[in-house]
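J.: Using the sequences and the accompanying hints, generate a full structural model.
Each protein sequence line maps, in turn, to chains Y, L and F. Numbered according to my numbering, the first sequence spans residues -3 to 253. Numbered according to my numbering, the second sequence spans residues 972 to 1577. Numbered according to my numbering, the third sequence spans residues 21 to 126.
Don't take every hint at face value.
Mimicking DSSO-like on lysine-lysine, the simulated pairs with C-alpha atoms at most 27 Å apart in a straight line are [unchecked claim]:
(1) K92/F with K80/Y
(2) K174/Y with K1286/L
(3) K158/Y with K105/Y
(4) K174/Y with K220/Y
(5) K1223/L with K105/Y
(6) K92/F with K1292/L
(7) K131/Y with K158/Y
(8) K112/Y with K1223/L
(9) K105/Y with K121/Y
(10) K121/Y with K88/Y
(11) K112/Y with K131/Y
(12) K88/Y with K174/Y
(13) K88/Y with K112/Y
(14) K1286/L with K1057/L
(15) K158/Y with K174/Y
To be clear, the hints were calculated from the coordinates, so they are not data collected in a lab. In this text, all values refer to a predicted model and were calculated from it rather than measured experimentally.
Each chain, letter by letter, is given below.
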Amino acid sequence: MDIPYTVDTRPDTGLYNAKAGIWLFLASEVMLFGALFSAYILLRVGAPEGLWPLGWLNVPLGTINTLVLITSSITTVMAWAALKVNQFDRFKLFHGITLLCALIFVGIKSFEYYDKFTHYEVTLKDGRIADGHLKEATDTHVTISGRFVEEREELYDLHKHKAHGHETITIAREDIEKLSNYGPRHNTYMAIYFTLTGLHALHVIGGAIVIGYLWGPGSRLWRKDPERFTNRIEISGLFWHFVDLVWIFLFPILYLL
Amino acid sequence: MQATTHAIPHTGVHEAHHSDAGFWRTYIFSTDHKVIGIQYGLTSLTFLLIGFCLMLVMRWQIAHPGEPVPVIGGLLEAVLGDVAAKGVMSNELYNSFGAMHGTIMIFLGVVPLAFAAFGNYVVPLMIGAPDMAFPRINMASYHVFVLGGLVMLVSFFIPGGAAQAGWTSYSPLATSIATDGQTFWLIGMVLLITSSLLGAVNFIATIIQLRAPGMTWMRLPFFVWAQFVTAFLLLLAFPPLEAAGIMQLMDKVAGTSFFLPTGLAIGGDLANVSGGGSPLLWQHLFWFLGHPEVYVLILPAMGIVAEVISNNTRKPIWGYKSLVYSALAIGFLSFIVWAHHMYLTGMGTKVATFFQTTTMIISIPSVIILTCMFISLWGGSIRFNTPMLFVLAFLPMFGIGGLTGLPLGFSYSDIHLHDTYYVIAHFHYIVAPGTIFALFAGIYYWFPKMTGRKMNEFWGRVHFWLSFIFMNLVFQPMFAQGMSGMLRRMADGGAMYSATANARAGAGVIGGLTDYIMSLHTYILWAAVGLALAQIPFIVNLFWSLRNGPKVKSDNPWRSTTLEWQTPTPPPHGNFAEPPRVYRGPYEYSVPGHPTDYTPQNVPEK
Amino acid sequence: MSEKHHDEHFGHHVRRYLLVFYALLLGTAITVAVSYVPFTNHALNIGLGLVIAGTKAFLVAGYFMHLISERKMIYAILAFTVFFFVGLMFLTVWSFYDFPPLTITR
Ligand code: HEM
Ligand SMILES: [Cu+2]
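T.: What follows is the structure in structure tokens.
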């Protein structure tokens, strides 16, 4: 006996196996990200008044990445539609763009990460706080390009306290109380930012690997069993759309609001 | 998945299921659900044994704090080093063993055995499917599981030892103990969760898609229903714990403060963390899994019980529909009761009332299921074989476990009982003489299908009676200890705490524990040793019967109605010689007018 | 399955996908723009942002993932998921706001 409904649909459920499988998997993904979102909510409402960061991320870059993912979503669905009408070349083209988008997304994301890891908040022993990008660090002093602030709050709501201009600030090591970059340990906002976007980026990479495989070596299946191949493209596409969907929420809650 | 792997089944009958593939493909990288089921079974039984041994050492320490562990004390010191200096268990080692006992028993023992092993072997056969829907994912699930288990085991031997914060791994304790064991624990958990998710997707897809023609939802054996609901629980409850695990991992390795509050002090010093996190968040996410998890532990067991009861009373199970709806109700409700584990976390009365109410409501379907099982016995001509004995013991044992849950479910009485041995006794009554007995029943019951031989009946009975007696001797005293206030997770069994409290009893503090309550530790220790000895007949029997057990004379030795018995023995790759078709419900026993006292599901209507 | 009458439907489908695509682009533009409007109450920004995100999510799920016309079984699975998702969110957040009196003063 062979396993039934690997390609054609079961009459009473109207599904082929993998379709049921992927939706179940996505259901669990919803719960995974759901838990992280509820963590986000609790950390945010639990933060002391005025100490939840606003405007810390690069909105233009975030917007571009949003557009990139949306584009990849439509090319994904178009790639599948092309297979449905037997246009293999168009499929190749569309999913080629999808892969390119994935690459751009990960590239931009890495740049944003890099930017955060080189961004420092320096607490001086006299109580002042300097904030900016690290230019140079030696045994005796640290140079950043940024600004001094009086109150920590000024560093939090950047919608209200826009940073005007950058000066080069050199601080002697012995004046420094604490030096911390904007990595995950900086505060709970950075923690949830890195965790959410990191997990999301892993999904992007995983999805891109699968789609890349189906686009490249995996596409040989098209000649042998076109229906099965089309199904695979549909399944991987569903996953890809889900990844896009998660980003649709991540973008506003992390970048904008 | 390609057609080539299905060359054999078409020739049908008694063929060994994988004669042409090599050793690796047959036993290690097999995609056959039956092989995977057996792999899961053997692995999880091994883990159960390991978890049990950890507990034995802990029981020694509780009963004789500070005395060298007999027999294996030297070994412990040699293998684990200073934490077991001179063969004496240190407090750290006690905590490690405690945490790992819980973790191993639940995530590496009972769940894989109940869900993955039995589910894999039996479900596709019962629904008349050739295999699981995604055989390769099935294999991957097992391999990830083994990997997770290895990570857990390895953590015992790293400097600092295994995780020490209990199976519940509460933050901030979990991440502030200076051992990488916690990191191992978290990585291990993420792997185990991933494995469970793969399994759950596979099970649900299989049950939805691969039911044989005629196998409508209401003709599914109750065991399949139980596994179906279980799979949903795993699918939707585990991801939040995975998320929480990732966050705690970040706390541990990336220095974040998801679960670390502002102003956290460790060892008297302010911790070098940003703070701002919430320890309660961990508890919420943990118990969001944790409570459904306890139903993951019990539902498959109930499924096995239903099958064995109807088969051995030769009667349809009583109230099939109520069973199904109750299982569904349990599945549904188990997601909204979790905070009854958190009454004492400073929870307000409104939330407590909500969770208390849902907790009381969820006990209704559990009672319905138990009642149906009891009524099923009524008027049956019961065959008292080994599986049936275990199942008969399951019923009252689960009853005790469930009823003792009610006082815990009321926030008011839980104030007294929370974190005491009463809780330990409560859930062990459900899991040990409950679930594990049902699993034993399942092993004795399906062994003939897997091997073509029965297990030895006499030693099966010896195993049952000894286990039954010692089980109760181990856990019954814990109710008394808990109600008199003995806290759980104390490395010396409460000796020091009790002595201090007694010394100050005059000052109006709550008194310590009486000598009598403390002396119960010794009884429990020896009962536990007895319980260990009682497993020897089982282990020997299991392997001995593989070659020497009495051969079954037909494919259906128990004369059962469900489809797994209508295959060749053991079932070949692809399971059924030809696709089965189902004509009737799962429990047509003793139907008046039928030629035999059982009518298998695939027998056509006249 | 792939009968040729698909061809006629095809143009229709593609047009719909493109429409959704434009809507998503527009939605993105609006979210970004709106987030810069300084409403007196920041909660309004948040609410608006989430409504737009929800709409975009609906479009992606509904049309790209074809949820608008899916099978009952998948609706059933998702209905459960949504229920538990909401339960998880709501109950945890609720319990963070319900404190016993006297012990905690904020
Ligand atoms: C039938 C109704 C049940 C009720 C009302 C109930 C209630 C409770 C409550 C309120 C607690 C928390 C006690 C505390 O920490 O203070 C608890 C603990 C526990 N229950 Fe149950 N329970 C029930 C059934 C089950 C079942 C079927 C299992 C399955 C194995 C189970 C396993 C556990 C476990 C493992 C714990 C302890 C968790 C820990 O703190 O380590 N319970 N139960
Ligand atoms: Cu519970």
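J.: Need the status of pair K112/Y, K1223/L: alpha-carbon distance at most 27 Å?
T.: holds, 20 Å
J.: K88/Y and K174/Y were given as a pair; does the straight-line alpha-carbon distance stay at or below 27 Å?
T.: Violated, at roughly 53 Å.
J.: Check the hint pairing K112/Y with K131/Y against an upper bound of 27 Å on the C-alpha distance.
T.: Holds. K112/Y to K131/Y sits at ~13 Å (cutoff 27 Å).
J.: Quick one, are K92/F and K80/Y close enough, alpha carbons at most 27 Å?
T.: holds, 23 Å
J.: Check the hint pairing K174/Y with K1286/L against an upper bound of 27 Å on the C-alpha distance.
T.: violated, 75 Å
J.: K105/Y and K121/Y: Cα distance at most 27 Å?
T.: violated, 34 Å
J.: With the threshold set at 27 Å, check whether the alpha-carbon distance from K131/Y to K158/Y stays at or below it.
T.: Holds - the C-alpha atoms of K158/Y and K131/Y are around 21 Å apart, at most 27 Å.
J.: Need the status of pair K92/F, K1292/L: alpha-carbon distance at most 27 Å?
T.: With a Cα-Cα distance of about 22 Å, the restraint between K92/F and K1292/L holds, given a limit of 27 Å.
J.: Within 27 Å, alpha carbon to alpha carbon, are K1223/L and K105/Y?
T.: With Cα atoms ~24 Å apart, K1223/L and K105/Y stay inside 27 Å; holds.
J.: Under the criterion that the straight-line Cα-Cα distance not exceed 27 Å, is the pair K1286/L, K1057/L satisfied?
T.: violated, 59 Å
J.: Does the alpha-carbon distance linking K174/Y and K220/Y stay inside the 27 Å limit?
T.: violated, 63 Å
J.: Quickly compare the C-alpha distance for K158/Y and K174/Y to 27 Å and report which way the hint goes.
T.: Holds, because 24 Å separates the two Cα atoms, which is no more than 27 Å.
This entry does not satisfy hints 2, 4, 9, 10, 12, 13 and 14, going by the numbered hints stated previously.
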